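Participant: Listed below are the residues making up each chain.
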Amino acid sequence: MTQLPQDAAGVTPTERPPALAAAMAGGVETDEGGTSLWTAALKRLVRNPSAIVGAVIVAAFLIVALLAPVLAPYRPSTTEWANQVTPSRLPAFSPQHPLGLDPFGSDLLTQLIYGARQSLIIGVVSTVLGLLGGALLGILAGAFGGWVDTLVMRLVDILLSIPSLLLAVSVAAIVGRRPESLMIAIAAAQVPVFARLLRGSMLKQRGQDYVLAATSLGLRRRSVVMGHVFPNSLGPVIVQATLILATAIIEVAALSYLGMGSPDPTVAEWGRMLVKAQERLESYPHLTILPGLCIAVTALGFTLLGEALREALDPKTRK
Amino acid sequence: MTTTYPGVDEASPGSRTPLLSVRDLRVTFGRRGQTGFRAVDGVSFDISPGEVIGLVGESGSGKSVTSMAIMGLLPTRGVRVEGEALYDGRNLLDLSQRELCRVRGSQLAMVFQDPMSSLNPVVTVGTQVTEVLHAHQKLSRADAKAEAIDLLRRCGIPDPGRRFGEYPHQLSGGMRQRALIATALACKPKLLICDEPTTALDVTIQAQVLELLAELVSSLGTAMVMITHDLGVVAGLCDRVNVMYAGRIVEQAPRRELFAHPRHRYTEGLLNSIPRLDGDRDEPLHPIPGTPRDTIGWEKACAFAPRCRHATDECLRPDLELRQLAPHHDVRCVHPAGAASSGATGGASAAGRSPEPPKERS
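So the sequences go chain by chain: A and B.
Using the working numbering, the letters of the first sequence correspond one by one to residues 1 to 319.
Using the working numbering, the letters of the second sequence correspond one by one to residues 1 to 362.
Check each hint, because a few of them may be wrong.
Chain B is faced by these chain A residues, among others (derived, beta-carbon under 10 Å) [unchecked claim]:
1. W38
2. A40
3. A59
4. Y210
5. T215
6. S216
7. R220
Pulled from the structure, derived: some chain B residues nowhere near chain A, Cβ distances all over 10 Å [stated by the list, open to error]:
8. T17
9. L119
10. D143
11. D150
12. I205
13. E283
14. P292
15. E299
16. K300
Example chain B residues on the side facing chain A (calculated, C-beta under 7 Å, incomplete) [to be verified]:
17. M71
18. L73
19. T76
20. V81
21. G105
22. M110
23. N120
24. V132
25. T183
Hints in this document: simulated from the structure, not taken from any laboratory.
From a predicted model like this one, the values you see are computed outputs, not experimental measurements.
Cβ atoms here follow ideal geometry from the backbone N, Cα and C, with glycine treated the same way.
Kindly produce the complete structure, drawing on both the sequences and the hints.
Facilitator: Structure below.
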């Protein structure tokens, strides 16, 4: 006890055992600053194996798409080896062309890498567009209620009753063959999904006690809706966006397979690669399998990540 | 800390101009054209500046609906609110949404029952305090933050600088209720309505929060309406007490008077139902028989009559009046307690009515 430092002995009114005093001086371990629900969700996310798998696939896809010019062995869509291709046979795999050539004489690996870039751009842009449009309608319906809600939701119901691919094809046909038509078409098909989801989520939040409390404190309706209801409603929407990205990537492929893709024939797209390959499906199946695999694996990655995200954010599945 | 309220028992509550004067408040739930359910049925009371009044009653007696109606928080559809709530010369029940927004938070504020759900989970505690400040006062960001931290400190939150940036789920229940009180008192309202602020808390925390409320209210000069079913809360805090039953006030009295001489049979029953520490341990408890659903409409009889041991045929008078039995002590009862002889005078006028026999309840 006499070993206690002078100041500590002076401060403590009753002399404490040194261990206890040290423990008290150390205080309780606390992490600095706030951990939001999102930070907590992220912590749960990294413990989920399927989230890791999904994240790895998505990360690989992102890296390939973003670094395409660095990773690809050649420039995209050069058909300089077209003379090596005959209607009946393609040159075999070679060190110059690890995956061989496509029927138009372009390097297949290069095409696949640049295809990732195309899928990413169109997928992300269309999902963001769809999210924005859907959020706008959803907020309108969820915040005002009443006849605005009825009007918006009936409109959304009509849009939802049309199969999304059909809707996208129609929109693409209306917009015409332009580089951005695919994005607009896919976004249009996503708008009703996001609108309905956000509206439902906001309705659920609107009945919560904290909304009543915020109202009782004299906050304006706009700040209650935008500052309290909206941020709390975003969880399911973000999860849905991840899952819809997977669908969007498949739809990009589907639409370009149907000939709705970019008007520039030299732009590499996984869907269009399938079209080019289908005539040689029997003799050279790898031409079909490889782009197909790219589409499927990328979509799987986003789905795994989205599902894991939903589990991490859903309080019911927390362990 | 017990705040003393000098001369509360003597001072006439109506002598000063009341801060809020609720007159004949009626709230009916139901669709238009149908006979709805009247949750609040002609409630009147006054609150003077700085006064603490209690609104006591069991579940379903209309306490919370009364407070929600005053704050204009009831939904507009399916609810009809009649009567007056005069505040500063204006009827709060007639204000537009815009005017309500200006009054709420700055003049009137409310603390809710459940601190777990009354704070927004995705917004930091600090932001929830500062946004109230920004809504009603012109303050710079830095000033608002300083003010909010000061508020949190005064509401007894340790290390308010750190708590400012934390989210509600990182705070304990008591701490959250303190944060909620900080948001309610941020703009120094003239009137604070507390809707069972301690029901969701531990008993030890309850005492702390009540103490804090009493302290803050008296230092800010804020009047307070304490809605509770806990007579202990009332005993420690309120200057005057309104006891509600089935949507009407059945007894109004200063605190001491009410606890010393409860006159309404319902109040008496409530007080008798509290087990006594010094009582015989084997003595059975004394509950009020029945449930609040065993009721007759006030338009036919005393709504408490079906559960009252002292009910007679005379209790079947429609629309019983609040009678003043003592100075500032009003009771809505035919046979008030502690007045066996005077009860006859109340019943005399009813004698000529040839009342129907009491309805049997199934």
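Participant: For this structure, which hints from the list above don't hold up?
Facilitator: Violated: hints 3, 9, 19 and 20.
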